[in-house]
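Taken in sequence, the protein lines are chains U and G.
Using our numbering, the letters of the first sequence correspond one by one to residues 606 to 958.
Using our numbering, the letters of the second sequence correspond one by one to residues 51 to 454.
Worth flagging that the hints you see were computed from the coordinates, not collected in a lab.
Hints are supplied without guarantee of correctness; some may be wrong.
Computed footprint of chain G on chain U; a stretch qualifies when at least three of its residues, placed anywhere within it, have a C-beta under 8 Å from a C-beta of chain G [to be verified]: (1) 839-851; (2) 874-887; (3) 945-952.
Beta carbons: idealized from backbone N, C-alpha and C, even for Gly.
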Amino acid sequence: MSTGLVSAEHERDLAATLRGLCADQVDSAALRSCVESSAGYPAGLWKAVAQDIGLCGLTVPESLGGLGLGMLEVNTVHVELGRALFPAPFLGTSLATTALLAGGDVAAAERWLPAIAAGECVATVATGTGVTADAAGRLTGRVQFVPYAHAADLLLVPAGESMFAVQAGAGVTVTQMAGLDLTRRLCSVEFADAACVPVGDAAVVDAAVGAHLRLALAAEAAGGLEWCLDTIVEYAKTREQFGRVIGSFQAVAHQCVQLYSELRTVSAAARWAAHAAASGDAEAELAGYVAALRAGDGYRAQTEATVHLLGGIGFTWEHDVHFYYRRARSALALSGGLTHLRQAVATAAGLPT
Amino acid sequence: MTDPTPAELAAAAEEYLAAHYPKAGNRGPTRFDWGVGSDEVRVFQEPDPADEAEAMPAVRAWRQGLWDAGFGWLTGPTAYGGAGLSGEHQREFEKVTRRYQVPGDSMLTISLGMIAPTLLNWGTEEQKTEWLPKLYSAEQVACQLFSEPGAGSDLASIATKAVRDGDNWRITGAKVWTSGAHLADVGELICRTAAEPRHGNLTAFLLDMHAPGVLVRPLRQMTGGAAFNEVFFDDVVVPDSRRIGGEGEGWKVALTTLAHERNAMGHSAFGGVGILSTQRLVGVIRAAGKQDDPVVRAEFGELISRLRAARYTNEVIAAQTRAGTAPGPEVALNKVALADNMRRVGEFVADVLGEAAVADTGEWGTFAWTSLMLGAPGYRLGGGTDEVLRNSVAQRVLGLPRPT
Numbered sequence: 606m607s608t609g610l611v612s613a614e615h616e617r618d619l620a621a622t623l624r625g626l627c628a629d630q631v632d633s634a635a636l637r638s639c640v641e642s643s644a645g646y647p648a649g650l651w652k653a654v655a656q657d658i659g660l661c662g663l664t665v666p667e668s669l670g671g672l673g674l675g676m677l678e679v680n681t682v683h684v685e686l687g688r689a690l691f692p693a694p695f696l697g698t699s700l701a702t703t704a705l706l707a708g709g710d711v712a713a714a715e716r717w718l719p720a721i722a723a724g725e726c727v728a729t730v731a732t733g734t735g736v737t738a739d740a741a742g743r744l745t746g747r748v749q750f751v752p753y754a755h756a757a758d759l760l761l762v763p764a765g766e767s768m769f770a771v772q773a774g775a776g777v778t779v780t781q782m783a784g785l786d787l788t789r790r791l792c793s794v795e796f797a798d799a800a801c802v803p804v805g806d807a808a809v810v811d812a813a814v815g816a817h818l819r820l821a822l823a824a825e826a827a828g829g830l831e832w833c834l835d836t837i838v839e840y841a842k843t844r845e846q847f848g849r850v851i852g853s854f855q856a857v858a859h860q861c862v863q864l865y866s867e868l869r870t871v872s873a874a875a876r877w878a879a880h881a882a883a884s885g886d887a888e889a890e891l892a893g894y895v896a897a898l899r900a901g902d903g904y905r906a907q908t909e910a911t912v913h914l915l916g917g918i919g920f921t922w923e924h925d926v927h928f929y930y931r932r933a934r935s936a937l938a939l940s941g942g943l944t945h946l947r948q949a950v951a952t953a954a955g956l957p958t
Numbered sequence: 051m052t053d054p055t056p057a058e059l060a061a062a063a064e065e066y067l068a069a070h071y072p073k074a075g076n077r078g079p080t081r082f083d084w085g086v087g088s089d090e091v092r093v094f095q096e097p098d099p100a101d102e103a104e105a106m107p108a109v110r111a112w113r114q115g116l117w118d119a120g121f122g123w124l125t126g127p128t129a130y131g132g133a134g135l136s137g138e139h140q141r142e143f144e145k146v147t148r149r150y151q152v153p154g155d156s157m158l159t160i161s162l163g164m165i166a167p168t169l170l171n172w173g174t175e176e177q178k179t180e181w182l183p184k185l186y187s188a189e190q191v192a193c194q195l196f197s198e199p200g201a202g203s204d205l206a207s208i209a210t211k212a213v214r215d216g217d218n219w220r221i222t223g224a225k226v227w228t229s230g231a232h233l234a235d236v237g238e239l240i241c242r243t244a245a246e247p248r249h250g251n252l253t254a255f256l257l258d259m260h261a262p263g264v265l266v267r268p269l270r271q272m273t274g275g276a277a278f279n280e281v282f283f284d285d286v287v288v289p290d291s292r293r294i295g296g297e298g299e300g301w302k303v304a305l306t307t308l309a310h311e312r313n314a315m316g317h318s319a320f321g322g323v324g325i326l327s328t329q330r331l332v333g334v335i336r337a338a339g340k341q342d343d344p345v346v347r348a349e350f351g352e353l354i355s356r357l358r359a360a361r362y363t364n365e366v367i368a369a370q371t372r373a374g375t376a377p378g379p380e381v382a383l384n385k386v387a388l389a390d391n392m393r394r395v396g397e398f399v400a401d402v403l404g405e406a407a408v409a410d411t412g413e414w415g416t417f418a419w420t421s422l423m424l425g426a427p428g429y430r431l432g433g434g435t436d437e438v439l440r441n442s443v444a445q446r447v448l449g450l451p452r453p454t
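All chains, please: the whole structure from these sequences, using the hints.
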């Protein structure tokens, strides 16, 4: 059995670095100022993460200036980012890296990945349909729900049977959508005769991007659930009602245990899925859907339980818990929703149609 | 002499097993084919007492043979008859045994999975030297005498009394829900050795089940089987040399056994290729002709995701353990999850089968699921109820205060 199920030393170092950075710089006040800013993330902090730590080069091959790491490290990073709700265009950039690698177009990879790895090019990926390419190779149409497109220098967009790369600028109009998740911006992108370059088969790229997205969101859910558990256990030990701390009520204690149980399950499923993807396990696809489903469902339910256990304070704007509840709801929808994920697990588990 | 490598051990095991047992069929035991072989779906082993009496000598012979050949306790300390090898050796050995038709250890789960490890933790040098070889060679089979009519979940309130009488103890009282007592030669017995209430003054003994004054009576379960018992003690004499741990340390000894029990239950094969296998569930759906029903597909996906997630959780914990992080009291949650998954499987299958789940049409693999539906509630009780285990995790893992 590979040791990939347990984080390696370099992953623990990376996690500690990110956790320290988040503890210092992404506190409640910083998060709120991001929420209220037009960019949605702090440029200085993003620069530190992207350029100094080299986060954007995480999965970029070393030959193209990246760290050449894989899904295990993606798991580790997203647990930390998810724990802090770190508002940054990392997810889209990371997905774009996977898209460019999966597309197999060497020229495209050599053109953009070094800049992505250096933190100089913010990228994102659109997964919806609605864009067409004309014979001259120009894009027209609209895609929605694209993460941080307003900050992106490079957009990857499917049109017909190909995935296309488009640079921000002429023919590309980005509008931020009003979003449920205030710590992850989604955009609507309008293409009007925009110049583009094909970078690979749309179905192939889409499958790779989807698998990466599910693993990343599952890891974020594990991190978010850690925050929920820490928050609620601390509260249950100190908040008094009826003359005793509420954690001494069995009904409250059992809800805390349920949250802890979901955290264990979601963390393990996300890690196992990352391990399966990294090692080419035959069950990798199934494991990815299992992780996405258990994470999506568990995160949604347990952020709601956290609001409940916090009582009235949990239902105020002042408490941070609503940012997590928003993230959980939004992430579940982005990974396809419960019914879709359940059906996908059934099919991947071998139930014939 | 140097230790064998795992591969060398596997080769030696292969040679031994080939000389003594027939090869398993072409279909490995991890493979499941709908409609082939037994359609039994049981949560608990509940053999007919006559079949059981017939099977036990073969099980004992299997263990004795392994013991004599040096495979009886691969990971055990050499001081007590073990081979002093690694978990990797154990896994290699198990891989080889799956290729042969052997009686296996399922009737010895309590003996080997719970009582032997407790003795290894708590026994005196003399007890370990004497009893561990007897247990691992199945010369003696052990049961666990904990619960009482008035002390199930509240185990600390047990009332069975042990009174000092020179170098002996005299025991009076009754135990209940004791799995396998009718097969056991010895039992790990927890008694009250003074009037002090609850956790205080409990003491553990290794009781001779054949001693005068011990009466074992089968209890019929709601599944219809009789795998557990009532056990009565009428002034039973136990020598002090059979005390496990110090006087008054019985609660700590019992907790050790319970931790092994919950770990063993949570790691059982149910979540994997056993009775809850994916193929078997797919077989049910196809037999009912419901594979194209989108609601059935979605519910099947939900169920599989929970079964798989439970397995992944166990595997991640196992990997952490191998890397040196010992699992704590939270492993009790594995058992809670497994019991919950069993319940969900019963509900799903009942829904898919409809009437075929409540009356036998004679079709393979349909009415057989009633064994699981009837057995699953028991799994939520055995080894600690969901509520007791959650309380334990709340207090011992999350640090929440005891309820007042």
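Structure versus earlier hints - violations, ascending order:
Violated: none.
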